[in-house]
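Colleague: We have chain V; now place chain R onto it with these hints.
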Amino acid sequence: MLTLAGIAVLVVGFLIRLNPLLVIAAAALVTGLAGGLSPVEVLSAFGKAFNDSRYVSVFLIVLPVIGLLERYGLQERARMLIAKLRGATVAHLLLIYLFFRQTFAAFGLTSVGGHAQMVRPLLAPMAEGAAESRYGELPDKTRWLIRAHSAAVDNVGAFFGEDIFIAVGSILLIKGFLEQNGVTVQPLELSVWAIPTAVAAFAIHAIRLFLLNRRLRRTLAGVLQKADGE
Amino acid sequence: MITLEHVYILAGLILAAFAILECLDRSRPRHPGSALFWGLLAGSFLFGSHLSDLLNGILALSLILIGGLGLLAKDAPESRPQSERRRSAERHGNWLFFPALIIPITALLGTLFLKNMTIHGVPLLDAKQITLISLGLGVLVALAFAMPWLRPPVLSPLQEGRRLVDTIGWAAILPQMLAALGAVFALSGVGRAVGTVATAWLPLGQPLFAVIAYCVGMAMFTAIMGNAFAAFPVMTAAIGLPLIVHKFGGDPAIMGAVGMLSGFCGTLATPMAANFNIVPAALLELPDRNGVIKVQIPTAIPLLIVNTALMYVLVFRF
Numbered sequence: 000m001l002t003l004a005g006i007a008v009l010v011v012g013f014l015i016r017l018n019p020l021l022v023i024a025a026a027a028l029v030t031g032l033a034g035g036l037s038p039v040e041v042l043s044a045f046g047k048a049f050n051d052s053r054y055v056s057v058f059l060i061v062l063p064v065i066g067l068l069e070r071y072g073l074q075e076r077a078r079m080l081i082a083k084l085r086g087a088t089v090a091h092l093l094l095i096y097l098f099f100r101q102t103f104a105a106f107g108l109t110s111v112g113g114h115a116q117m118v119r120p121l122l123a124p125m126a127e128g129a130a131e132s133r134y135g136e137l138p139d140k141t142r143w144l145i146r147a148h149s150a151a152v153d154n155v156g157a158f159f160g161e162d163i164f165i166a167v168g169s170i171l172l173i174k175g176f177l178e179q180n181g182v183t184v185q186p187l188e189l190s191v192w193a194i195p196t197a198v199a200a201f202a203i204h205a206i207r208l209f210l211l212n213r214r215l216r217r218t219l220a221g222v223l224q225k226a227d228g229e
Numbered sequence: 000m001i002t003l004e005h006v007y008i009l010a011g012l013i014l015a016a017f018a019i020l021e022c023l024d025r026s027r028p029r030h031p032g033s034a035l036f037w038g039l040l041a042g043s044f045l046f047g048s049h050l051s052d053l054l055n056g057i058l059a060l061s062l063i064l065i066g067g068l069g070l071l072a073k074d075a076p077e078s079r080p081q082s083e084r085r086r087s088a089e090r091h092g093n094w095l096f097f098p099a100l101i102i103p104i105t106a107l108l109g110t111l112f113l114k115n116m117t118i119h120g121v122p123l124l125d126a127k128q129i130t131l132i133s134l135g136l137g138v139l140v141a142l143a144f145a146m147p148w149l150r151p152p153v154l155s156p157l158q159e160g161r162r163l164v165d166t167i168g169w170a171a172i173l174p175q176m177l178a179a180l181g182a183v184f185a186l187s188g189v190g191r192a193v194g195t196v197a198t199a200w201l202p203l204g205q206p207l208f209a210v211i212a213y214c215v216g217m218a219m220f221t222a223i224m225g226n227a228f229a230a231f232p233v234m235t236a237a238i239g240l241p242l243i244v245h246k247f248g249g250d251p252a253i254m255g256a257v258g259m260l261s262g263f264c265g266t267l268a269t270p271m272a273a274n275f276n277i278v279p280a281a282l283l284e285l286p287d288r289n290g291v292i293k294v295q296i297p298t299a300i301p302l303l304i305v306n307t308a309l310m311y312v313l314v315f316r317f
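In order, the protein sequences belong to chains V and R.
The first sequence begins at 0 in numbering that gives the first Met the number 0 and counts up by one.
The second sequence begins at 0 in numbering that gives the first Met the number 0 and counts up by one.
Same shape as in the complex, but just chain V (with noise of 0.2 Å):
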């Protein structure tokens, strides 16, 4: 029963935000020390664990390509394609938006979008000038909901595209897991299988900014009314 005192550490260390390299290292001590290994044989297992599970951090072989891209203009691109959307409304646009974020991610190009790159800068505007020209200016709260919305198609686009590309920190460290604990799956297969959750999100995603079109239409064709009965 010791042995899940490495659990608790694991926990209660991310909990109270210590570095997670820190949090894993103490949690593996403990673990192992409380599993019978002395600290030298801890550190020798987990030396031949982190060498074996290698391939994990292989990802990192893609960055160059990526840099280099980005170089000439990757991002920027990306925002031209984006800000074509002029005209569309609230929700078409963050639905192509999460769209083109899931199919990117999907690709393996997760840098393409991002909070501080794509969605403050270009696409919480656009969304909010959609709204604008459609029921005029806005009431704060309204603003504040669709900036939100913003931000949310950007995250739910990102999570569910990206595990659908094999080389992933995520696909890598399921398979490195499982190898650990014996089992030996393919990065493929892992991927595939991520498939219908992508659809899935996408799915329901969408639905919620159907709701949040009507949401819009209702309260501030409302709004509009009163003040011309005013």
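Bear in mind the hints are in silico, worked out from the structure with no lab data behind them.
For clarity, every value in this text was computed on a predicted model and none was experimentally measured.
You may find that some hints are simply not true.
[Said to hold, decoys possible] Footprint (simulated), chain R over chain V, 3 or more residues, beta carbon under 8 Å: (1) 142-152; (2) 159-169.
[To be verified] Which residues of chain R face chain V? A few of them, derived with a C-beta cut under 8 Å, are: (3) Cys22; (4) Leu53; (5) Glu159; (6) Ala182; (7) Ile211; (8) Gly225; (9) Thr235; (10) Leu260; (11) Pro297.
Using N, Cα and C, we set each Cβ at its ideal position, and we do this for glycine too.
Modeller: Chain R only, in chain V's frame:
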């Protein structure tokens, strides 16, 4: 025969270049911690197979200390100015996406078609690691296409790669460290111990309950820790492997893939995942720091239900 070891040499050389470029960089204050970190990781890829377990352990511990104590560069070196990047984006158009697409396409085609290729009876590629070898191949093909097309300075893939790796920082080795932790868990019998506790306290005698406990547990643990990567070893050692795979004969690939994605539902719903949820609220100047989370929860909950149902329907069928 080309094996995973060759991919490791490629990775090692790239990482060694990051370390050397860091040492040569005069454009910003020196970061010896970064040079040492990427240099050690390069050493692990290049020579790890020839080192003793204890030396590999010391190497891993050094990486943990350098990364964990915050000795890495926090700012990334600049790329080209944005005005130049924009002009380049206009000139090259959507073809800019193409070299990036070469990588997964090569990986996929390689996995499907290069598996059994032989030269004079000797297999060309190690079939067991075909996907990762094809990935390495994809990187080389993408560079072979992009370099003559864009004609950048020769070192710029490495310089720009270093820029990206600096933005990732110590988190780059988090998945590998968690995988290694998995081995210590396995060695110490954590799975068995948790399995005993879990079956004593939860009605996990039915496959359905085990799947629900695993998926919902992944989401909840992720929400508590703010990180699905950290929740995965815990929940998989506790319920995923001992119950879903070993006891009920579920498919480990489906269990792992859908389990991780259940964890991501938790990421959508927690302030602990600050980068995704709290930082954007600040960036977008929302008065409510949980504003983004509140919008995401109504997607996270139905998606978690769908994930649980998907796993239950699929995991025992394949």
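Colleague: State for each hint whether it applies.
Modeller: Consistency of the hints with the structure:
| no. | hint | verdict |
| --- | --- | --- |
| 1 | 142-152 | holds (count 8) |
| 2 | 159-169 | holds (count 7) |
| 3 | Cys22 | 18 Å, violated |
| 4 | Leu53 | 5 Å, holds |
| 5 | Glu159 | 3 Å, holds |
| 6 | Ala182 | 3 Å, holds |
| 7 | Ile211 | 16 Å, violated |
| 8 | Gly225 | 6 Å, holds |
| 9 | Thr235 | 6 Å, holds |
| 10 | Leu260 | 4 Å, holds |
| 11 | Pro297 | 6 Å, holds |
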